[in-house]
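Q: Respectively, the protein sequence lines represent chains A and B.
Okay, so the first sequence: first residue is 20 according to this note's numbering, each after it adds one.
Okay, so the second sequence: first residue is 19 according to this note's numbering, each after it adds one.
One thing to keep in mind: the hints can contain errors.
Taking CB as the label site, the calculated pair distances span [as the list claims (entries may be wrong)]: (1) G230(B) <-> D267(A): 27 to 33 Å; (2) I228(A) <-> E103(B): 33 to 39 Å; (3) A149(B) <-> K224(A): 48 to 54 Å; (4) E347(B) <-> K40(A): 46 to 52 Å; (5) A220(A) <-> E33(B): 49 to 55 Å; (6) K40(A) <-> G134(B): 33 to 39 Å.
In the SDA-like style, the derived pairs of lysine to any residue whose C-alpha atoms are separated by at most 20 Å in a straight line are [as the list claims (entries may be wrong)]: (7) K192(A) <-> K91(B); (8) K172(A) <-> Y212(A); (9) K212(B) <-> E194(A).
Sample of chain A residues facing chain B (criterion: CB under 10 Å; computed from the structure) [as the list claims (entries may be wrong)]: (10) V134; (11) F137; (12) Q145; (13) G155; (14) S196; (15) L251; (16) C260.
Worth flagging that the hints you see were computed from the coordinates, not collected in a lab.
The model shown is predicted, which means the values in this text are computed figures rather than measured ones.
In this text, a Cβ means the ideal position worked out from N, Cα and C, and glycines have one as well.
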Amino acid sequence: MNMIVCCKQVLDPEAAPATFKLDAANNRMVQPPEVKPVINPYDEQAVEAALRIKDTDKAAHKITVITLGNNLIRDVVKKPLSMGADELILLEDAAFEGGDGFAVATALAAAIKKVGQFDLIFCGRQESEWDDGQVGSGIAEILGIPSVTVAKKVEVADGKVKVERVTADGFQKLEASMPCLITVSNELGEARYATLKGIMAASKKQPIIWKPADIGLDKVGAAARKTKVVKLFQPVKEGKCEIISDDDLKVAAAKLADKLREYKVI
Amino acid sequence: MADNKGILVVGEIAEGKLAPITAEALGAGRRLADELKEELSCILIGDKVGDAAKAAVAAGADKVYTTEDAALKDYENDAYMQVAEKAARDLAPRIILLGQTSIGRDLAPRLAFRLGVSAVMDCLELAIDGATRQLLCTRPVYGGNAKATFSSEALPQIATIRQKAMSPLAPDAGRQGQIAAFPVTLDASKVRAKVLETVKEEVAGVKLEDAGAVVAGGRGMGGPEPFTKELAELAKILKGAVGASRPPCDNKWVPDTIQIGLTGKIIAPELYIAVALSGSSQHMSGCSGSKCIVAINKDAEANIFKEARVGVVGDWKVILPAFTQRIKELTQ
Chain A
20 MNMIVCCKQV LDPEAAPATF KLDAANNRMV QPPEVKPVIN PYDEQAVEAA
70 LRIKDTDKAA HKITVITLGN NLIRDVVKKP LSMGADELIL LEDAAFEGGD
120 GFAVATALAA AIKKVGQFDL IFCGRQESEW DDGQVGSGIA EILGIPSVTV
170 AKKVEVADGK VKVERVTADG FQKLEASMPC LITVSNELGE ARYATLKGIM
220 AASKKQPIIW KPADIGLDKV GAAARKTKVV KLFQPVKEGK CEIISDDDLK
270 VAAAKLADKL REYKVI
Chain B
19 MADNKGILVV GEIAEGKLAP ITAEALGAGR RLADELKEEL SCILIGDKVG
69 DAAKAAVAAG ADKVYTTEDA ALKDYENDAY MQVAEKAARD LAPRIILLGQ
119 TSIGRDLAPR LAFRLGVSAV MDCLELAIDG ATRQLLCTRP VYGGNAKATF
169 SSEALPQIAT IRQKAMSPLA PDAGRQGQIA AFPVTLDASK VRAKVLETVK
219 EEVAGVKLED AGAVVAGGRG MGGPEPFTKE LAELAKILKG AVGASRPPCD
269 NKWVPDTIQI GLTGKIIAPE LYIAVALSGS SQHMSGCSGS KCIVAINKDA
319 EANIFKEARV GVVGDWKVIL PAFTQRIKEL TQ
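The whole structure should be built from the sequences, with the hints applied where relevant.
A: The following block contains the structure:
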């Protein structure tokens, strides 16, 4: 079976909020030099979902990872390879920058069509920069295939894919025909670590690099947007927390309760 | 599509009633429709719409369309898309609003792409640009570290709205509105992803979304026990519910259904007590609407102290029993 996983290189969402800076004039954020980018965590879990299927029969399943961006850092984007994916395609060009969900899904769908063979496509449920959460569904729509979003479990049996989809009060079990696109949520469980052997193997693999013309698109990135950013801003936080203190923490705790009565919230 | 007019809310029915998120979308839609001087309509999709249609009128809709079919009992993207696409094409609204829910976050992007536009997801504020009549959608980005306002020339403009971010109108049973069937002949062969089973994992006691007081624990709780003991005891006294940030869920200390945050539940209780959780912007996306946030954390630098109204710096194991005891005395 052929599986494709779409991964994005993002600003580390675990980075300290203080490192976060905006270039408001250009409606974009500034990459802080002290913070190394990572693969979007949900995308790592999408790789994990594919690997769990590959684990059932390593020789029978192939995983191709596609990453779109510019100035991609090789040891970052190669992480899925070091986890166990087979091949990496980079859509790497300055022209790919500045796209919205529509532009990104259009380019990824074009690349997937060029790959040609696919039974399952995995994406993270959303990426941690714009938190858009529509690229996966968009790719499925462009390719004309079904999609199941926010999955916590994915299995293949009898030529169908069975998915557990997270809902507000539990989950749903769905069955879909293939090819199918699945977006993966954190409820799937932690992605595996790269092994030393995997890192060695990944370092020897060369990614395939495609430019916009290679996937047959004239307009990509900012030029292919459907939405425009009118403004990007950081809301001002008042941050006036009243800290209750006392030499005895237990006394401080009781005073805290008294405070809530004073506020009339208890 | 220069002729696109009006606002269409794709509504949801929860337990036979109009879902709160749909009342919120109609409240926001009413305000926008009045500004545009155009109509607000709502489509309700399900096996039985029942009184939800009247409730949608009372919540602000000028017209309510109902599509009822036994095959629409469970949300299945391919089936609901047939209705939503037909409604979008036949009614040709300028703006389509959905909730950022299990249904909306799945339906909105596919609907947008089918219509050749892009959706703006998880909006906190909606406004109309007076000059262009375009919808301005403001939503959090970078895990809530920043906000961005989006617009688009392409119509229809599609947006999903965050739960509890916008106010519903006070229901007015005297409001006048039309209710009409919107029949769609469903093609079952086009439904490629089918629901086999729906599993509810409801936690006993007060529902997190409805609780007036929420006691939430984070990574610093150290394991599953405090959630069923100390936090549950405090929640019980406050007649509230227990919640968690993401790490306790990822560590399987607590069920995923009590996760509060960007990708979990969005709540806005009167009182939110955050215990041993750092208050990342992703977590705060789920609870920043709380009226009073209380922080208990041993790290004075934790972000939660930037968000809270009041707090104590120290070990929760020492603070919580004394705090709970005093709350008990005060509330009995």
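Q: All the hints need checking, so say for each whether the structure fits it.
A: Hints, verified against the model:
{"no.": "1", "hint": "G230(B) <-> D267(A): 27 to 33 Å", "in the structure": "30 Å, holds"}
{"no.": "2", "hint": "I228(A) <-> E103(B): 33 to 39 Å", "in the structure": "37 Å, holds"}
{"no.": "3", "hint": "A149(B) <-> K224(A): 48 to 54 Å", "in the structure": "53 Å, holds"}
{"no.": "4", "hint": "E347(B) <-> K40(A): 46 to 52 Å", "in the structure": "47 Å, holds"}
{"no.": "5", "hint": "A220(A) <-> E33(B): 49 to 55 Å", "in the structure": "52 Å, holds"}
{"no.": "6", "hint": "K40(A) <-> G134(B): 33 to 39 Å", "in the structure": "35 Å, holds"}
{"no.": "7", "hint": "K192(A) <-> K91(B)", "in the structure": "15 Å, holds"}
{"no.": "8", "hint": "K172(A) <-> Y212(A)", "in the structure": "19 Å, holds"}
{"no.": "9", "hint": "K212(B) <-> E194(A)", "in the structure": "5 Å, holds"}
{"no.": "10", "hint": "V134", "in the structure": "20 Å, violated"}
{"no.": "11", "hint": "F137", "in the structure": "15 Å, violated"}
{"no.": "12", "hint": "Q145", "in the structure": "7 Å, holds"}
{"no.": "13", "hint": "G155", "in the structure": "8 Å, holds"}
{"no.": "14", "hint": "S196", "in the structure": "5 Å, holds"}
{"no.": "15", "hint": "L251", "in the structure": "5 Å, holds"}
{"no.": "16", "hint": "C260", "in the structure": "5 Å, holds"}
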